[in-house]
Amino acid sequence: MRMLKRAAFYLLLLAIVFLAVFPFYYAIVTSLKSGTELFQASLWPQSFSLANYRNVLTEGPFLRNLVNSLIVSGAVVAISLLIGITAAYALARIRFRGRSGLMLAILSVSMFPQVAALAGLFEIIRALHLYNSLLALILSYMIFTLPFTVWVLTTFVHDLPVEIEEAAILDGAGPWIIVSRIFLPLMWPALATTGLLAFITAWNEFLFALTFTSTNMQRTVPVAIALLSGNSQFEIPWGNIMAASVTVTVPLVVLVLIFQRRIVSGLTAGGVNG
Amino acid sequence: MRRRVRTAWLFLTPMLFVLAVVAGWPFLRTVYYSFTDASLADLDARRWVGFDNYFSVLRLPSGRVLYDGLLVDPVWWRAVWNTVRFAVVSVACETVLGMIVALALNAEFPGRGIVRAAILIPWAIPTIVSAKMWQWMLNDQFGIINVVLLNLGLIDTKIAWTASADTAMIAVLIVDIWKTTPFMALLILAALQMLPREILEVAKLDGASPWQIFWRVTLPLIRPAVMVAVIFRALDALRIFDLIYVLTPNNVQTKSMSIFARENLFEFDKFAYGSAASTLLFLIIGLLTIAYIRIGRLSFDGGR
Chain A
1 MRMLKRAAFY LLLLAIVFLA VFPFYYAIVT SLKSGTELFQ ASLWPQSFSL ANYRNVLTEG
61 PFLRNLVNSL IVSGAVVAIS LLIGITAAYA LARIRFRGRS GLMLAILSVS MFPQVAALAG
121 LFEIIRALHL YNSLLALILS YMIFTLPFTV WVLTTFVHDL PVEIEEAAIL DGAGPWIIVS
181 RIFLPLMWPA LATTGLLAFI TAWNEFLFAL TFTSTNMQRT VPVAIALLSG NSQFEIPWGN
241 IMAASVTVTV PLVVLVLIFQ RRIVSGLTAG GVNG
Chain B
1 MRRRVRTAWL FLTPMLFVLA VVAGWPFLRT VYYSFTDASL ADLDARRWVG FDNYFSVLRL
61 PSGRVLYDGL LVDPVWWRAV WNTVRFAVVS VACETVLGMI VALALNAEFP GRGIVRAAIL
121 IPWAIPTIVS AKMWQWMLND QFGIINVVLL NLGLIDTKIA WTASADTAMI AVLIVDIWKT
181 TPFMALLILA ALQMLPREIL EVAKLDGASP WQIFWRVTLP LIRPAVMVAV IFRALDALRI
241 FDLIYVLTPN NVQTKSMSIF ARENLFEFDK FAYGSAASTL LFLIIGLLTI AYIRIGRLSF
301 DGGR
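Residue numbers (the working numbering), protein chains in the order written: chain A, 1 to 274; chain B, 1 to 304.
No wet-lab data here; the hints were simulated from the structure.
Sample of chain B residues facing chain A (criterion: CB under 7 Å; computed from the structure):
| hint | residue |
| --- | --- |
| 1 | R4 |
| 2 | F11 |
| 3 | V18 |
| 4 | L19 |
| 5 | V101 |
| 6 | A118 |
| 7 | I119 |
| 8 | V129 |
| 9 | R239 |
| 10 | D242 |
| 11 | S275 |
| 12 | F282 |
Residues of chain A placed beyond 12 Å of chain B at every Cβ, according to the derived structure:
| hint | residue |
| --- | --- |
| 13 | L4 |
| 14 | Y53 |
| 15 | L57 |
| 16 | G60 |
| 17 | R64 |
| 18 | G74 |
| 19 | L134 |
| 20 | E163 |
| 21 | R181 |
| 22 | P185 |
| 23 | L186 |
| 24 | P189 |
| 25 | L191 |
| 26 | A192 |
| 27 | M217 |
Partial pick of chain A residues on the chain B-facing surface, computed with a CB cut under 7 Å:
| hint | residue |
| --- | --- |
| 28 | L12 |
| 29 | I16 |
| 30 | A41 |
| 31 | V109 |
| 32 | P113 |
| 33 | V115 |
| 34 | A117 |
| 35 | G120 |
| 36 | L121 |
| 37 | E123 |
| 38 | P175 |
| 39 | N204 |
| 40 | L207 |
For every residue, glycine included, the Cβ atom is placed at its ideal position computed from N, Cα and C.
Here chain A stands alone, though its shape is the one from the complex (with noise of 0.2 Å):
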């Protein structure tokens, strides 16, 4: 009895992973196969070709595509974690009247549907005429990255313990030197953390980078792979499409999987985003 449900277990758990790792298994395996064995469901491409990977990374603008993604997300990353730096120290720290108001207002934000900004959003871009430019994404992206930093961080500063920073208000140090000198040091791994969540948020943003670019070259990675065809309509270029995918998720699992830790713990801090 206790043999079969240890296999019963044993079972499941394999189940779990299997299910968690063959579709990506499968994209690998699609990209490197090449001409018409791309059309035979096997789970082992009979000859290794890197064709599909030339192709992606030599014709058409997907390498721009792909520096598009690293300076949007790179961007948002940065003003995010610059701006909720000290809006956490103000939220986590300091007790003034509508201080849990603001906190629910933030969480509000962050779980927004994003079209009920699109229509104004695309006015407000128009009109700074950033419409096609990656600044456009920049600025919008700032409606889910933000809320969810300073969400994260103020979580982090408020474990942090109290006794440091009323050592240097006995000192005499002013609110900017208590966040600059001392939280900011301590503050890394936290950053680190919110900063890898939100860049893989903005890394995969779809709608905005969608509604707000109309030319390949300002194209960032997702909307690049939704809009990747082939030579003619009906012919959709699956290696081709699997090895943008690829590309662009390996370092993303990478990440993942060295963070593993830091990523979890971050996560049920922030309890947003899926």
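Model the placement of chain B on the given structure of chain A, informed by the hints.
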């Protein structure tokens, strides 16, 4: 003390300013546009039309009465129904499956780290990429899923998963559940690991079966955490856009509220009508959230 409060607001100003520019003001403008007849080509040439985008009555000279507007648009209500149904089914499945995965990961066994790493993979994959990956696996001609099902004798003709009316929603559900169950599992696992071991030990000493322990002890204790995880997931599911846009494009069976709003805004040149849809979408999600919080007696303790 006064000075500290002033510092607090000073420190908060940049964040408040940015959020006002990218969220508050755009949302108000969306609501405003929903009361106009603006078109994408020329946003400035607009007139105030009141509630016409939502509901209007037109009396023809012949005496016939026509109703128009979002509130009587069957395509819109179809999108609302699609979205709500999708959200309920996907979140329910994700909660049950997430619970199973979390309970499994909460046990001690060799190789636990590997399993946890494995379930993080679907979470790490961009939604668009997972949509494309599954579109390929679900491909009617060459997809591995049809091939496997055919070989096992479970189906006798290939199924056009993402295109046919009967299966498009199922395809969307499969991909969404695959992608977001890990998130659910991790949140539930975190709650499980906070449980005091002693309580479970005592229950075991009292002779309770594992089944009883789960229903009587574990579940009531982690219920608050699960309720919070459910609402985060539900809010995410209710605004779904990218997965459906890529996996089942132009399909009435899966068109969500967000897709309806965006296509009116930017593809059909009905900017004002799309704004009205966005506004209504916001109201619907807001009302559902408030109802859920009331019914579930949820509490967010501010700041923690």
